[in-house]
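Quick note, the sequences are listed as chains A and B, same order.
Its first residue numbered 1, the first sequence is counted upward by one per residue in our numbering.
Its first residue numbered 1, the second sequence is counted upward by one per residue in our numbering.
None of the hints are false.
Pairs of lysine-lysine, DSBU-like flavour, derived with a Cα cap of 35 Å:
id : chain 1 : residue 1 : chain 2 : residue 2
1  : A       : K71       : B       : K167
2  : A       : K6        : B       : K408
3  : A       : K260      : A       : K84
4  : A       : K159      : A       : K80
5  : B       : K345      : A       : K260
6  : A       : K159      : A       : K71
7  : A       : K80       : A       : K234
8  : B       : K408      : A       : K298
9  : A       : K159      : B       : K177
10 : A       : K260      : A       : K80
11 : B       : K177      : B       : K167
12 : A       : K84       : A       : K71
13 : A       : K71       : B       : K177
14 : A       : K71       : A       : K234
15 : A       : K71       : A       : K260
16 : A       : K234      : A       : K84
17 : A       : K260      : A       : K234
18 : B       : K5        : B       : K408
These are calculated hints, taken from the structure and not from any lab test.
Next come the chains, spelled out residue by residue.
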Amino acid sequence: MALMLKLAWRNLWRHPRRTWLTTGAMVFSNVILVFMISMQVGMYQMMIDNTLRASTGHLQVQARGYLEDQKIREVVPQVKPLAKQLGGELDLDTVAPRAAAFALASSADRSYGIQIVGVEPMAELHVSSLPGLVVEGRFLEGSNTEEIVIGEVLARNLKAGVGDELTFMGAGRDGSFAAAVVTVVGILESGNPEMDRSLAQVPLAFFQDVFTMDGAGHDIVILAPDLFQVATVKSEVEALLPTDEDLVALDWEQLVPGLKQAIQADMSSAMFMYLVLIVLVAFSVLNTQLMSVLERTKEFGIVTALGVSPGRLGRLVLLEATLMGLMGLVIGVVLGGALVVWFSFYGFTFPGLDEMAGQFNLPDRIYLPVTLFGLLFGPSVVLLASILATLYPMARLRWLEPVDAMRAA
Amino acid sequence: MIRGKVTLRLAWRNLWRNHRRTLIMLAAVIVGAWAMIFSTALMRGMVDDMIQDGIRSLPGDVQVHHPDFRDDPSVVNSIAPPTDRLLGVLEQPEVVAWAARVRVPAVVSSERNTRGVTLVGIDPDRERELSFVADDMADGRFLESAEDQGLVVGRKLLERLETDLGKRVVVMSQDEKNEIVDRGFRIVGVFESSMQAREDGFVFAGKATVQRLLRMGNRVSEIAVLGTDYRHVEGLRRRVEEAAGPGVVVQPWTELEPYLASMMGMMDGFVLIWIVVVFLALAFGLVNTLVMAVFERVREIGLMLALGMTPAHIRAQIIAESTLLLALGLAVGDVLAWATIEPLKGGIDLSIVGEGMELWGASAVLYPALRWEDIVLANVVVILLGFIASLSPAWRASRFEPVEAITKV
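For reference, chain A alone in the conformation it holds in the complex (with noise of 0.2 Å):
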């Protein structure tokens, strides 16, 4: 074995301007996949933690069907004691309890139409970024009293500030009237302009009050320790629903698919483009391969008849474009992998993702993570295909007749 390593290597610097053209071809490809993948696992996962933590949590508790209709009598019946029960069952601070109802809210010179949404203040601390987002004022701090925070554009459009009143105008669980007045304590900024356009909270007991809830919210908000864990807290919370409700715990992928196909359809978009980009160095390897056998069909020929079997050259052609693909590997890890340490630091940023941040809740700079997965999934593949690419050039290697070959000019 080390004498066909050998064998392999010296080969491989009989031309070493072609050897160093296709590994450098490798080394590009692979630059460029470490780069890419590693920025799309650091876009995806932030667009995911920023998306979920601002309200959205992992998990929610609701009734069935009330995700489609968003109907104010679809509930979860007591639905304070339920989220504690669940809080001290799974063990957690990350559970909280809410309630949504559309009203018309109208300030001294402004009505829109808005939702508000019912909220535990101290719950709301551990399950959602948006208490920590103040710009103005304070966040909500009584579970019964009169008071509201609102986003920034909202307010902007309802011409309120902190101190003001607003009055806002719906329909209760039952049908009935519901209206109430209520100061505006705070004012929030969370960066996504169509959150901060529609956001308004109210304490919950207060809501439930108002629009007659009679105990009743809507969903049950639960954030996992991290992403991975989802699945299992889920379907503990799943064993712990009571029986005779109709309730369902609806996991982040549920709760909003548009952000899991965002994801899936940016990366479907990507992988078309790596698959050329790896389809290509594939035709790299495959052209410099098999030049590299056809040129040596007499010196085969040789060593055929002197006895080495064809099973075997093959071999040692494979062991070639694998020292080749290891070196690509290897250089293009070091290379990829600095860049991405670099950008780890000072983090990334390109024309148009400012716009892009307030779309899918990025911060305006990428800071790269240093995953395994990133730095070695790309350059795998790219090796991989080039072992597959040196398959032809071994299969002419069987059909090798010695003492043809030896004549070969």
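Knowing the structure of chain A, use the given hints to seat chain B on it.
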């Protein structure tokens, strides 16, 4: 001239001396060219769709508003309908269509549910050529005139309100004095849209009916103008601005939808980067092929030089080979790309990731857009860079010392 012909013929024959190598390289160029054009067409299609009727809720390349309307889309910030002077510009052939609309936030309630929406008062005849509703009627009828008393809503909203075609709903909004106004409307039509946010967020009524409801006389919220080319709207914007007079702002869509504008810019940059990356991946193989071709022919080239062929001629010879190979690959790749895009012209159904596409701002059906500029760009970039890449091997070949080259074994 004769020399040029000879050079070409020689180049052609040289290419086919080693047909395997040429075929492999050709295949790589074809795959590269195809991938460049094919994926560019898909990306273009997506962005075109986003801009032409994706998340632009109500289109118009150039829009006239009250200066405060964007910040505060209220009935207060309305403008006068087009004057004769403005009409003069709007009747020019460079304007494909235009419409004046009333557009205010409102709340719509059925007996069972309440939702916040945008109420749009339209002139159906004008809007037919502009906005999305007229083509997407799923049930019932479209509005018939500005005086129409009916309401057209999206399918999703209909479900959320638990109401039906022919039933009545109440629409609430405010007038200029912030008095709450409301009116019952009969639902006369239901539209469907590839984007859920649209089906959920807009209701349409006759412009005059809405103006009476809001007590705003004949004033409107916006005048939308559709030009012939959304990529170049500045000229149109300036003419509309001149004619519209003071007291209003005239903005191109790029200012109204910065996310879309930045996506368009980003895509232009990305197309070029993608073409260059694919080319570079090809270039390694191309240079490799040329280096090998030169290496095999050292003696022959030496002989030619000894016979009095100038080094310049040798260079031209090598470059002609490379260009011929690229041109052939590009031609086949172009045709292949066209042949794969043509059957997809009717649209690619992406509804599996529909909500994800919506988050990106595109609809669930992707129409690839094959554009001349992109094809030309891809071809020119490849030929130009291919020329540069073949300079080095060509230069080496022309610098051989004839005597040494001939005697080389």
